[in-house]
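With the working numbering applied, the sequence shown corresponds to residues -12 to 96, in that order.
Just so you know, the hints here were simulated from the structure itself, not pulled from any lab data. Worth double-checking, as some hints may not be accurate.
Said to hold, decoys possible - Restraint-style ranges between C-beta atoms, simulated for each label pair:
{"id": "1", "residue 1": "L70", "residue 2": "T23", "range": "24 to 34 Å"}
{"id": "2", "residue 1": "D(-9)", "residue 2": "A68", "range": "23 to 33 Å"}
{"id": "3", "residue 1": "K47", "residue 2": "T86", "range": "24 to 34 Å"}
{"id": "4", "residue 1": "D44", "residue 2": "F0", "range": "35 to 45 Å"}
{"id": "5", "residue 1": "L69", "residue 2": "F0", "range": "34 to 44 Å"}
{"id": "6", "residue 1": "Q12", "residue 2": "N42", "range": "38 to 48 Å"}
{"id": "7", "residue 1": "G85", "residue 2": "L7", "range": "16 to 26 Å"}
{"id": "8", "residue 1": "A37", "residue 2": "A68", "range": "11 to 21 Å"}
{"id": "9", "residue 1": "V36", "residue 2": "F0", "range": "49 to 59 Å"}
{"id": "10", "residue 1": "G85", "residue 2": "A26", "range": "44 to 54 Å"}
{"id": "11", "residue 1": "T86", "residue 2": "T54", "range": "21 to 31 Å"}
{"id": "12", "residue 1": "T54", "residue 2": "Q8", "range": "56 to 66 Å"}
{"id": "13", "residue 1": "V60", "residue 2": "Q(-3)", "range": "52 to 62 Å"}
Glycine is no exception: its CB is placed at the ideal position from the N, C-alpha and C atoms.
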Amino acid sequence: MAIDVQNVAQQMFQAAVPILQQGAQDAESFAKTEFTKIAQTIASVGEQVAAGQINQDQAKLLLNMQTSASRNVLLTLQGLALLMVESAINAALGVVKGTVNAALGFALI
-12 MAIDVQNVAQ QMFQAAVPIL QQGAQDAESF AKTEFTKIAQ TIASVGEQVA
38 AGQINQDQAK LLLNMQTSAS RNVLLTLQGL ALLMVESAIN AALGVVKGTV
88 NAALGFALI
């Protein structure tokens, strides 16, 4: 029995897209939060330098501390992305497993 590549691909795509979209939404949420924190730090250190509460070197250090913290949060997304991709592939294969294995006459998936 021949495999309908277009149909199988479409089923796989439909199974994977919701997982990938959720991952993108999660990443967007994390990114917005972290960039807001960086922007707040920039504003705060600017005000503190202007008020004479800290010097420029301290301002740079404070910004560096925040960007490092944000970098670590955003790098966590890399690990989460790998898990999301694995889930999407598993969902895509799971949705066509029965059809593909039956069409081939053996358990490929």
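**Request:** Quick one: which hint numbers does this structure break? Sort them smallest to largest.
**Result:** Structure breaks hints 3, 4, 5, 8, 11, 12 and 13.
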